[in-house]
Amino acid sequence: MKNWLSTIQANKRLQAIMIGLYIVVTFLSLYLAQKSVIAFLLLLASLLLLYFTTFSNRIKWLVAGLVMVVLLPFAASQGEAYQSYMEVATLVGIYIAMALGLNIVVGMAGLLDLGFVAFFAIGAYTYGIFATSQANNFMPFGHYPLSGGSFWVFIFIGCLAAALFGILLGIPVLRVKGDYLAIVTLGFGEIIRIIFNNLDKPVNITNGAMGLASVQPPKLFGLDFMYPSQFYYIVLVILLVVIFAVRRLEYSKIGRAWKAVRENEIAAQSMGIHLVRTKLMAFAVGASFSGMMGVVFAAKQTFVDPTSFTLLESITILVMVILGGMGSVPGVILGAALVTILNLQVLTELTNWLNQLSLNGVISIPDALSPAKMQRFIFGAILILFALYRPQGLLPAKNPVFKKEDLTDTSGHPPMNAGVQKEGAQHVHLDS
Amino acid sequence: MIEQVLHTLPQVLIDGLALGAVYAIVALGYTMVYGILELINFAHGEIFMTGAFVGTAILLTFSGLGWITSMPAIITLVLVLIVTSVLTGLLGMGIERVAYRPLRNAPKLITLITAIGISFLLQDLVRFITELKNGNYILTGPNLFNKQIGIEASSILSVFNDASVKSSFFIVLGVAIVMMITLDFFVNRTKWGMAMRAVAQDRETAALMTVNVNKVIALTFFIGSALGGATGVLFAVQYGTIDPYIGFILGLKAFTAAVLGGIGNIRGAMFGGILIGLLEMFAAANLPIVSHGVLGAEYKDVFAFAILIIVLIFKPEGLFGKVTVEKV
Amino acid sequence: MSLLRLENINTFYGGIHALKGVTLEVNEGEIVTLIGSNGAGKSTTLKTISGQVKPKSGTILYNGKDITNTPPHVTAFDGIAHVPEGRRIFPRLTVKENLEMGAFSVKDRKVIEERMERVFHYFPKIKERLHQKGGTMSGGEQQMLAIGRALMMQPKLLMLDEPSMGLAPIIVEQIFEIIHELNEEGMTILLVEQNAFQALQIAHRGYVIQTGEIVMTGPGQELLVNEQVREAYLA
Amino acid sequence: MSILTVKNLTKQFGGLVANSNIDMDVEKGSITAVIGPNGAGKTTFFNMVTGVYQPTSGDILLNGESIVGLKPHQVTRKGIARTFQNIRLFGAITVLENVMVGMHTHLHGGLFSTIFNLPHVRKEEKEARKEAYRLLEYVGLESLFNEEAQNLPYGAQRKLEIARALATQPKVLLLDEPAAGMNPKETSELTKLIYNMREELDLTIILIEHDMKLVMEISEHIVVLDHGEKIAEGTPDEIRNNQKVIEAYLGKGAAATAS
Amino acid sequence: GCSGGNKDQNASNGGSGGSSGSNVIKIATQTPLSGGSATLGESIKLGAQLALEEQQANFEKLGFKLELVPYDDQGDPKKGVANAQLIGADKQIFGVVGHLNSGVAIPSSEIYEKYSIPMVSPANTATDVTDRGLKTVNRICARDDFQGPAGAKFAIEKLGAKKIFIIQDKTAYGSGLAEAFKKGAEDLGAQVVGFEGITVGEKDFNGVLNQVLAKKPDLVYFGGLYTEGGQLIKQARDKGITVPIMGGDGLDSSTLVQIAGDAVKNVYMTSAAGLTTATDAGKQFAEKYKQKFGKDIESYSAYGYDSMGVLLKGIENAIKENGNKLPSRQQVAEGVRKVQEYEGVVTKVSFDEKGDNKYAKIYIYKFDEAKYPAKLEDEVSKQ
Ligand SMILES: Nc1ncnc2c1ncn2[C@@H]1O[C@H](COP(=O)(O)OP(=O)(O)OP(=O)(O)O)[C@@H](O)[C@H]1O
Ligand SMILES: Nc1ncnc2c1ncn2[C@@H]1O[C@H](COP(=O)(O)OP(=O)(O)OP(=O)(O)O)[C@@H](O)[C@H]1O
Ligand SMILES: CC(C)C[C@H](N)C(=O)O
Ligand SMILES: [Mg+2]
Ligand SMILES: [Mg+2]
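Residue numbers (the working numbering), protein chains in the order written: chain A, 9 to 440; chain B, 64 to 391; chain C, 21 to 255; chain D, 163 to 421; chain E, 470 to 852.
Bound-form chain A, shown alone:
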């Protein structure tokens, strides 16, 4: 087995053939078997396989791009489940971005944040309020709703608003450490939600519990974005930006400062690191990703209400980060994708299937145990199993490994990040 693996690792051509074959086969099966969730998931899994290959980063990105931009939507678009797959894919993207944001705060800077969804809410409401007639209630000038064209600007506004709140939250709470911080952020998250839920009085800003309905869809060149298949691309672009940003930050002065603060605050300070500023930056950057996605979420749902931003939501995002592997960008992406797909697609499909069986009398399930009601149970069980069998996370964080040549003065000028190689490239864990 080990032998076999190392042969594959050594031979790039073999890898190329295998991954190519895999993509083609899963592509075709999704193309042909339109309703098969399995085919959809398998095609997605090609990205995971790709991650384990030893190709250069550039090739990996290219292939991943091809799969995400062309193959996946195209194969899915051939059939009826298209929009629902794209809906799932879009939500996956949204959650990945949020999880990556939280990963900066929790995974890299080591600040446990249990109220992270607040920033998502801030993004969503920023757009929701101005993209419905709601803003007329308190804005003395302007004519609302703003047109869908403003959506693009709002992505940035949402990003900034969330970052600002990240800093505002950070300034007072950063005196507090460890699990105390967790509870303070939790309190902050709840405060934000409760305020949004109640800001229909004295001035109606958020429309309270009734939520904001009929949020303007984004508009570009006269085209309305209405379908998940369209949002999919918006999310993909933002996600790409986010991943690049995170990657770059991770191996930079800033990323190192975050990790240093996580590992040992006193030593970090003694290295000249401004503790508060570094933590604030983690809060702000993490929050900004959520803010952007909040805007997208509001536009996609066309409806914003406080129930989407509960504590459970924050906890779910945290679960994604921890499950994926704290501090590990690929891990967190995988964690977020898994949890979201599990919740939205796999569990639903599974319960539908069990339901069908029981309605058709194939199996008999007491009503109390009706599969539709057992989703939490199953989800809980899966969480426990994952945690027990992969306590370090699905793809644990890895430190950058440098080549000695790149560190001594004799070498030429390697291209960007050429020196940064993931260790995983050397040890393929196909057994995982």
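Everything labelled a hint here was simulated from the structure, so no lab data went into it. Beta carbons: idealized from backbone N, C-alpha and C, even for Gly. A portion of the hints provided could be inaccurate.
Straight-line Cα separation of at most 27 Å, DSS-like style, residue types lysine-lysine; simulated pairs [stated by the list, open to error]:
hint: 1; chain 1: A; residue 1: K209; chain 2: E; residue 2: K632
hint: 2; chain 1: E; residue 1: K761; chain 2: E; residue 2: K817
hint: 3; chain 1: E; residue 1: K817; chain 2: E; residue 2: K851
hint: 4; chain 1: A; residue 1: K227; chain 2: E; residue 2: K583
hint: 5; chain 1: B; residue 1: K254; chain 2: C; residue 2: K116
hint: 6; chain 1: E; residue 1: K817; chain 2: E; residue 2: K530
hint: 7; chain 1: C; residue 1: K116; chain 2: C; residue 2: K130
hint: 8; chain 1: D; residue 1: K347; chain 2: C; residue 2: K40
FRET-style restraints, in silico, Cβ to Cβ [said to hold, decoys possible]:
hint: 9; chain 1: C; residue 1: I36; chain 2: D; residue 2: G177; range: 39 to 49 Å
hint: 10; chain 1: A; residue 1: F146; chain 2: E; residue 2: G629; range: 32 to 42 Å
hint: 11; chain 1: A; residue 1: R183; chain 2: B; residue 2: K196; range: 48 to 58 Å
Position chains B, C, D and E with the ligands relative to chain A; hints supplied.
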């Protein structure tokens, strides 16, 4: 304005104390487990909930057998408390064994995941069993201590309105106080309590002192969960109706209380719990009056959390927590 | 008669092979020292004996009993006290409580009091600090407390991992004196030291460990004058 | 000319006086040792100089400028670096990254220039990596640069602390028991390293150490603390023969080894 | 016919053209099957299931096979929307019965509209559900701007309330209803002495009740669901608040009585749901339901049943109009909207141009004893 607040004050205090006592004992459970494993045992709220269900189930069985009327209520209660706390104590130990112990050397936060997983499992399990037996997962137990007792607060100070208390209030408060004193004594004055604290600080070295670490941790979980379960019973007695989802919000509040008091600190948890209960009740009753109608009762949690945050900003180790300047 | 015997012990940390077939022996009433450079496996040897890490293969006999896979709280109960590297004081217990933890398996309060007096006899400084939290003591104070705590167990075999580390010379002197004294009173001692010079001086026998292997053994005085040892460790 | 001047420095922890009215002058370019019994207040002294603790009273002047009240990161920026008695490395990141964290104040990549990977950031990073590697070579850890710091043997961790401190480009370097846990051979290598650093890197070094061989061999000036008070000060020879110091600290044996 | 069903599914998995030749018609239900309001959510599902099963034979004759696909929206809008996408994607689904919560129905129905899947709501009373003018959205129950004022009218005219304290649960439904009631009450000249919110999921409402105590109203109105409602009623009575307490259709559940026990006396409730057992058809339905599922009906069980009935009626009409061939979703949606004078077990149904039911009524109940269902006091039809 002040006058209005004062009118209801006696009643608000009593209601706040009742709720606060419940928070306080649940907070004790959080604090104990946190103290020893530095783990926010998210499942603790669900253990509390399970305790409430187990207790109610026993009570319902008793009343089915006609025992409730034939036995003094207080004896029934003590019996139910004991049985339930033993059961939930064992449940807590089981959870520790299955879901936490294997991860003891794993990164700290991963246990948070199993804790959340256990919460979900317990919620659904209890729901399932109750629904199977009862057809509905909302359960209402028999009334035990329902007598209303009037308190003539107006005779103390004329601005006060009279208040009334359910007799269960005294039970809840009494049991809470007894539990706290016992626990405080146990942890701070006994050998096993010292072992617990030692294990909390350095497991490996505690083992070198002949302490069986697994046993101590299991014991901690047993006590913490037994407390949680017992509180569940008290809760059911005080509020009558329970459902499988009561653990979440209550657990959250209780944890907040534990933090407010200084997590890991037993007196702190107790104090924090009562304080949060009082604050919440006070806010719900008076926020609209004090804010001239701008903030409604629905802001009570904002109020409670804001106080928590303010306290922690000025005293980051919680009200009773000791400042531990790290020795550099 | 040998009190403790390690036979062909192999210990791993994940993929790291830390002990490679270590065999060593400690006789009743002896002071045996284990010297070696950084990362040689000295601490690992002690941890393997006390059960903190489990060897992959090999056997450990103590008092004729196989304790190879015995968990640490049981080996401690059996009379092996291990003073770990880096002191490992319970930082938020008071000094007194730290000492009491050492006598955890003792039920009789009187015995505990007696032993505590004995600790005060060796380390009068500790007595002044009884109610201070362990964590706020200075490095040297903590080291004394750690040894004192182990003495509270009144062990048959006392294993000390670098007891002189970070101590003032005068205290180091004292500590070696105390080790000597304890030994005179009949306690068997396994001493891990960087301070090879002093360790070998008081030891009956010594072992030299290098990257997980015992490379040399002999009476303390003999090793002290051994050319190779001098060059590698005493320079 | 003195680079660091301490006046009347006092620190109390509750009732405990850990440092009491300490006066000290450190010559630029010198190696000064602070010795004293355990609990004498040596580490506390370092903690005040580096801003980790705030003094109860007294003043600390760096090149004539008071640094009391500054936060640790500000003190570092002023040019004082330190190592810790209880090793405080960034355990989960690599040895090379540990050193690069030390360069924090000398790198200029901001949030946006990093995200957009601007050329100057790229260049700076590359240079930083090389510089970090050079520092590792300097202390003799170059072969371990890709290891996680927490997996290093103890002695190597001590050296890494030194390399990391050097990366901040300090003028004054404070070493808290750098030789603890090293055997005599390793200690003598370290002694050479410290000596060389002072010579080659234009440093002023203050060190706390209990290894008298090292202290006496290397330092030009020795300050002795006991119970928070300065009980003696002088050249190694003076200290070695100071009766007070022998009684409180050296003992007869060490006084002998030290000579 | 179980194996047949499986084969169909396999067929559609195998070839992309599978659905076009299929004669399977699936109807989805989307209600909370887990979480706090699952009792009601499930009762709708079961009611709908009963109706569907009864119609299976009928559709078999037309050459179609009916299947039910129950979805759990968990009372969560996000989940509802994601499910709606799944529903939209399943070309064999021709209609949705749901939701329970207006807050979920509103965003989810935006998706149904995109896919032209008709939705018939048994229970969503919020005005925004149909006021957005979606072609696919219909409901057979009344609206909150009818329910609220109707309750207010009763409270003021029949119960003589002048000072009213309103409590609501801060959900889309509870807020909406409470606001509507407030407006109705103020229009009729009553004084609203308090308008406060509580938190769903909590059990202790003494704080707000202390306010009630201080304000001494002569009626307390609660906008919210039975779980909190029951607890609130009990605690109010414990506190000696003896004035009538009134609530909306959210209280309309047997569980309310279970929770509140004797305290439920002197509680009034408006509901969009009629008394199922008032008619013979209703009684029969209740019996069948009990027999099949071993449970008593809930307020909205029959509405689930009737919603499904209306939906199937619309489909049947569409099939017939389409020459007994499988119609398109648009056709079905139009067919459903066109349903007129449908006689359900609890309500007659005719949709107006917005999708509201012309025959929807508000029923006013009173609890005289701890027994469910309560006594029907009054029936209010639209003007
Ligand atoms: N927890 C651990 N995980 C991984 N490797 C370890 C661990 N502990 C020790 N090692 C490795 O095992 C080897 C032996 O370590 P050990 O601590 O026994 O050495 P030592 O002789 O006590 O050294 P020192 O003088 O530095 O204390 C070293 O290479 C060390 O890096
Ligand atoms: N944070 C603190 N809180 C309370 N007391 C402290 C604290 N830090 C140090 N002390 C006390 O101050 C005194 C001096 O401690 P310090 O660490 O400076 O000693 P030291 O000279 O470095 O000793 P060693 O050589 O053993 O490291 C000790 O008695 C110690 O207990
Ligand atoms: C069952 C009812 C309480 C549902 C409510 N009518 C709503 O629209 O949300
Ligand atoms: Mg060692
Ligand atoms: Mg020191």
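Taking the numbered hints from earlier one at a time, note which ones the structure violates and give those numbers from smallest to largest. Nothing - there is no hint that the structure violates, so all of them hold.
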